[in-house]
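Participant: Work the whole structure out from these sequences, hints included.
The residues making up each chain are set out below.
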Amino acid sequence: MTETALRRLAERAAEERLLDVAYTTADSPFGPLLLARTHKGLVRVGLPNQDSDELLVDLAERVSPRVLEAPAQLDEARRELDLYFEGKLDRFELPLDWQLSDGFQLRVQKAIARIPYGRTRTYTEMATRAGNERAVRAAGTACGRNPIPVVVPCHRVLRSGGGLGGYGGGVPMKRGLLELEGILDK
Amino acid sequence: MGKLPPFQILIDEHATEVLAVLRGAVGREGADDCFQETFLAALRAYPKLRDADNLRGWLLTIAHRKAIDHHRARGRRPLPVAEVAETAVEDPIPDVGIWTVVGTLPPKQRAAVTLRYASDLPHAEIAAALGCSPEAARRSLHEGLKRLRKEIA
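So the protein sequences, as listed, match chains A and B. Note that my numbering has the first sequence beginning at 1, numbered continuously upward. Note that my numbering has the second sequence beginning at 187, numbered continuously upward.
Hint data in this document are derived by calculation from the structure and do not stem from the laboratory. Just to be clear, a hint being listed does not mean it is correct.
As the list claims (entries may be wrong) - Subject to a maximum C-alpha distance of 30 Å in a straight line, what follows is the list of computed DSSO-like cross-link-like pairs (lysine-lysine):
hint : chain 1 : residue 1 : chain 2 : residue 2
1    : B       : Lys294    : A       : Lys40
2    : B       : Lys189    : A       : Lys40
3    : A       : Lys40     : A       : Lys88
4    : A       : Lys110    : A       : Lys88
5    : A       : Lys40     : A       : Lys110
6    : A       : Lys186    : A       : Lys88
Facilitator: Rendered as structure tokens:
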């Protein structure tokens with residue numbers, strides 16, 4: 001199978017708006033990331049320790065089975081992420097598609113998206129910002145289910161006592177991101 | 187009835203075979219276009235597909251329809267002989283020049299003969315590809331072969 005034929009297929013699919021979910025893999029200092037977008041924007045970031053095949057099956061079921069590898073469709077996302085990992089970008093501009101979240105979780109995740117670069121919040125603060133200060137545990141769950149990690153910076157949410165808390169990509173990756181942003185010393 | 191897997195899996199698992207079948211059916215030159223048409227048609231129809239159990243058969247059926255479209259568009263020009271002869275698996279017709287004669291058959295007979303001998307499809311799949319009953323496919327094949335024998339006798 002030639003690369004050219006598959007690239008052409010992805011291009012034509014995009015022209016006909018048949019690319020409901022386009023994905024690619026991008027390098028990062030922590031390992032390969034899976035990036036997936038819809039017609040609206042970035043919908044899913046898979047972290048290096050997560051199973052890409054499972055994520056794609058999940059997207060096929062929850063978004064559309066028209067899931068195609070189409071690296072060119074993710075050029076913008078890859079460019080911004082590369083700059084971020086080089087410490088040259090402190091705010092992502094690319095459009096996001098929030099369709100994988102709803103309700104309280106969506107409110108928490110949108111609040112996370114507004115935490116500035118280099119700053120942190122606690123799970124309690126996120127619960128409050130999402131409209132229910134007592135739902136700290138649910139806020140933690142919402143962080144854990146963030147479909148667009150790194151770009152939606154759930155790594156900036158820490159425990160009230162100063163503990164790092166958990167991270168979908170593993171605590172070492174969370175620590176690494178906090179170091180990159182100058183929040184933790186290397 | 188299984189859930190539909192990501193479309194990319196169909197490409198990863200079946201693209202090579204689809205391309206090989208198309209090369210057999212329409213030759214190397216036409217195969218690339220037919221390949222694009224096949225997977226675009228599949229992608230268009232995919233979300234509404236009810237049954238994920240035989241995705242390979244579904245793709246091959248679409249590929250054969252595209253091969254037939256290709257032959258129709260080409261009218262009565264002869265088939266690319268060397269490509270076709272390579273893939274004749276069962277009961278190969280000895281003289282490769284025969285495909286030039288096949289090209290002169292009426293469309294249904296020509297398609298039936300090509301699908302049977304170049305693509306090695308069983309009657310049921312030929313019927314699916316032609317959009318007719320297996321009995322009608324068998325008849326087209328039979329008529330086509332009868333005519334071929336007369337032509338080359």
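Participant: Each hint: holds or not?
Facilitator: Going down the list of hints, with the structure as the test:
Of the supplied pair hints, the one linking Lys294 of chain B and Lys40 of chain A is violated, its CA atoms being roughly 45 Å apart against a limit of 30 Å. Distance restraint check for Lys189 of chain B and Lys40 of chain A: the Cα-Cα separation of roughly 24 Å lies within the 30 Å cut-off, and the hinted pair is therefore satisfied. A hinted pair counts as satisfied when its Cα atoms are at most 30 Å apart, and Lys40 of chain A with Lys88 of chain A qualifies at roughly 25 Å. Distance hint between Lys110 of chain A and Lys88 of chain A is fulfilled; the C-alpha atoms sit about 23 Å from each other, no more than 30 Å.
At most 30 Å may separate the alpha-carbon atoms for a hinted pair to count; Lys40 of chain A and Lys110 of chain A meet this at roughly 16 Å. Pair hint Lys186 of chain A plus Lys88 of chain A holds up; C-alpha atoms about 18 Å apart against a cutoff of 30 Å.
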